[in-house]
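Asks: What follows is the residue order along each chain.
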Amino acid sequence: MSSYILSLIIWMPLLGAFTLLFFNERQTSGIKIVALIFSLIQLLFSIGLVWRFDPNYGDHLLTSFQFVEKFSWISMSLGSFGSFNIDYHLGVDGMSLWLVVLSSLITVLGVLASWKLKQQVRSYFMLYLLLSTSIVGCFLALDFFLFYLFFELVLLPMFFLIGLWGGPRRSYASIKFFIYTLVGSLLILVVMIALYLSVGVLDPTSEMMIHSFNLLHMMDSNYFIEGSSLAKDSVLTFMGMPLRAVAFLALFLGFAIKLPIVPFHTWLPDAHVEAATPISVILAALLLKLGGYGLYRIAFSIFPDAALHFGYYIAIFGVLAIIYGGLNAMAQNDLKRMIAYSSISHMGFVLIGLGSFTVEGAAGGMFQMIAHGFISAALFLIVGVLYDRTQNRKIENFSGLATKLPGYSFVVMIVFFASLGLPGLAGFVGELLVLMGAFNVSAVDGMLPNWIGIVAVMGLLITAAYYLWTIQRMFLGKYWVREHSWEPKMKDLEIREWLIFTPLILGIVVLGMYPKIILNTMNHSIELFIAHVGDLKIKL
Amino acid sequence: MALILLLPLLGGIMAYTIPSKSGIIASIFLSLTTILAGYYLSFVQGTLWMFQFEWLPGFVMGFAVDRSSAVLILLVSLISFLVHLFSIFYLSEDVHKDRYYLKLGFFTFSMLGLLMSDHLILLFIFWELVGFSSYLLIIFWFQDVKNAIAGRIAFMTNRIADLILFMGLLMLLGSGNDGFISSLGPLPENDSSTAIGICLLIGVLGKSAQFPFFTWLPHAMVGPTPISALIHAATMVAAGVYLLFRLFIVFDPYLLDWIASLGIITAFLGALIAACQTDMKAVLAYSTISQLGYMVMGMGVGAYDMALFHLWTHAFFKAGLFLCAGSVIHYLSIQDPTTAPQDMRRMGGLKSYLPITFWSYLVCMMALVGLPFFSGFLSKEGIILGVFSWAMQSENGLAFALPITALGISFLTAYYMGKQLLLVFFGSYRGEKSLKMLQKSWTEILPISVLAILSLGVFYRIHPLGGDLNFLEYWLGTQPKVEGSWVTPMIGSSILLVLLGLGFSYWTYGRQGMRKMKSFNSSRLSIFVQNGFYLDKFYMGILVPSFDWLAFKTSKVDTVLINPFFNKISVSIVVLSKVTDLFDRLIVDGLISLIKSVVQILGSMFTKFHPARVQIHFVSAIIGLVIILVWLKFAL
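Those protein sequence lines, which keep their order, are chains H and W. Per this note's numbering: the first sequence ends with 540, consecutive numbering throughout. Per this note's numbering: the second sequence ends with 1636, consecutive numbering throughout.
Think of the hints as simulated: they come from the structure by calculation, not from any bench. Built from N, CA and C at the ideal position, the CB exists for glycine as well. Everything hinted at is true.
Listed next, the stretches of chain H that the computed footprint assigns to chain W, with coverage defined by at least 3 CB atoms under 8 Å from CB atoms of chain W: (1) 400–406; (2) 455–465; (3) 513–526.
Please work from the sequences and hints to get the whole structure.
Replies: Next up, the structure:
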């Protein structure tokens, strides 16, 4: 298939960023419109991608990628080391498809949410569009080096976006964010190089080993060089553990910091609290998904044997995140911090789904990521609405908002209840699937014991507790705000804000009532993924 | 059928979009629903409706309506319609009627969906939506933070039980079940099936407000009174009993005994607490708890047909009682606005001001206490007889405690209802203002009197004391088959106990009136009972704060442990880099500058020996270098 749609999707925002160079700093509305147009074009292309996507393509994980683009990018001979090859290699399957759509949608909404920005508008939007390019690039790259490049490229604009347009403790938060993620990236880098050295094809003409960063080769055990450090039958150990297991753990940790897992999560609340609203939205809705997607596409697909070995512990980490994040959220008095912790709690379900090694669990984890993308974006925008008006987010400073801001409270009700897993809204489906996977697998082969599912369900209770408590404290009761000066600013949602919230709420409701819209296109890929990953399970 | 399901929701949405006529529109939609439900029930045979769909890939769910659920669908839509009508009257002064009818329509939709679902997960979805819409309606007057808190407590208590139910359903699905209710069979006997049974049971206990979860129901009473009638008396709380009926086959006999015991405990506690209440709605709330206990007990002993029948009759007379209470509260809050329009101690003598309410109340009350000629008698006797015959078959002698307690509860029920009747309607009004007769609107009178008429026994069995229950035959295809010489004495003693209870209430309140009441209510025991055995206080005062404490402590892990740990690491890295820097400047730099100064000193020494002829030095150096290179070339 010779179609360049994936490249178009990736580079469209960057093109927008270049266009912004022709503007000067004072033409703020022009800059915003350009950013909006380019992100809208990106959105249109990704919707077109869904349109042309064939949900039943391929019969093996390695051949199931569509719209593949592959060009040799860097190729040089390194003498006795063989040759060094990096491809520009893109492709999309059912798992990445919806993440791409989600990214482009959130990008558009983020532009709308930044509409009132006043300082350094041009640099802000240039960084913003660069961020968008690199996130989508991550989801579509099929070459590990290319992926890593995009993965690192995310850090840079994010660092500046938090550090320059953030709140009072922004420099602390941005540096913390940067360091945490960088440590994760370095772990990934080490494994990437080791993989590069272990994977290769013998060139028949020149008898040279052609190494490559091709992810598909890395997933396929046939491409591993005999006797190399990470080959399937490698006997090398590191501190008493097989090297493949160590490599998997390094990858897992690298991506899980991004997801995040407890106890490597503390960058997240700080980064969220200091970042501006649209940046928080991107952070929660998309950046966390990079970690989850990395686990699916890279850590689990390349090292299925090691993943299977650690499946139980991964699920335990998931449960820990659910309970720990939930309890923490309950104790917060800053609304944004509470929501940040609730993100940690919800991402725990992704780990349980992965750890269950079932189609339901994996599909549930993936669905949870998409649903959380919608819900968390809406949640942070909700905080943003309040913060725009009062520059304050403390829960105890507000009460009875439902009387004064009925439209806003309506949105809050839907989104909060979606987040606490009310059936009929998006949050429920992912959790249901994950738990079905967890309970199924415990009944079938005992990979996960029942208590994992039971404790995870208890986590849902904690979620309900803090959301209901927040609703009661902030939105019900008599109308009251702490400062008298906030009174005139307490107005209901304006049209721009409705414009942002409507697609999110529509998404939440539609995904909750008719989840097949996503699952139909995703399911085939998930089945292939589980067939690939769980291949060993049958043999065991 | 899909139309039946969707009409209430549609009506709610229409009512929301046209606020000025919201009540009428919603009621019209509901009347259509009721007519359709009645039509289906009377003209369609067999399985009335089947609809299956693939909700998730490879995961099929479905609706199915058979006669036993169709009758309940008719019940829900009829009562919902009457409550809609009554709400037009009750909320005539409220400004947020549109929102109210939207929520009410949504509730009716979810409740009907619950009754129609034939799949466990689908049932759970509607189960949750029912709880959610109940929450929305409880907090309808959310400006008062007390209501908001009550709503939260009600929802959370439900949520605990619901999630345990959810676990049970997931385990049931995990054990290889396809989840269709109609194809459920007995579970194999092992540990997991016991766990499943317990989880499902807890779900039932939560929704049907059974011990130890019943504390949420009195909280739910802060909602508008028509809501209490519909949701917290007639329909939602009966969902647990309905689920018990649907999943009857899953429970093993051992668990069923537990169910029966929990039912009777709840029935007893509820009746006892109701006897000590002073709030008009609270009496009815605890009475509901008590009656639900009867139904659960009936399910537990296997008299499921009678339990369902009691669900039906109870729905009518309890909804009727609540609407009467609503009529009284509405009347008093307009005539004599104070802060406590529900306090029975302030009422009295309302018989002459609200005659229709009074007569309806009387009929519904007779049905509740279980006097012949009224519907409650038929179903309650059925349950008591069922329990008795169960106890006869049981090997355990303790089993007779159940029918005996059930008889005792008849007495208590008659006592507290008689007390309420006397305090509210008889005697003279004890408030400050003098009351005036109000012009009554038909939207008030019609629902109350329809509910009262449907609480008469003749609709279900012509003969008041014996004979066939044609209605039950038609509905569930069963006939109560209780025979034995003890049947007549049982019924007789039950009626006697009811009469005794009524007489006792007349003896306490009819003559001495308020004086007795005050002395009784101030005793320590009765305060203890009145507060629901402080179960609620225990939950709210000990369990919830300890949970909060746990959350607070956990958050401390972040701020005290994890964050400082990583901060320390980063600080130590910074310190290390400072040390390196110091090393760099003092040692490495120092060495370099040492060498430099040595060279400098040497240089300056050498300059003293040689006069400054740089060029010559330079040239000679180059020549020397060339010589060395050439030599090296040849040497190698």
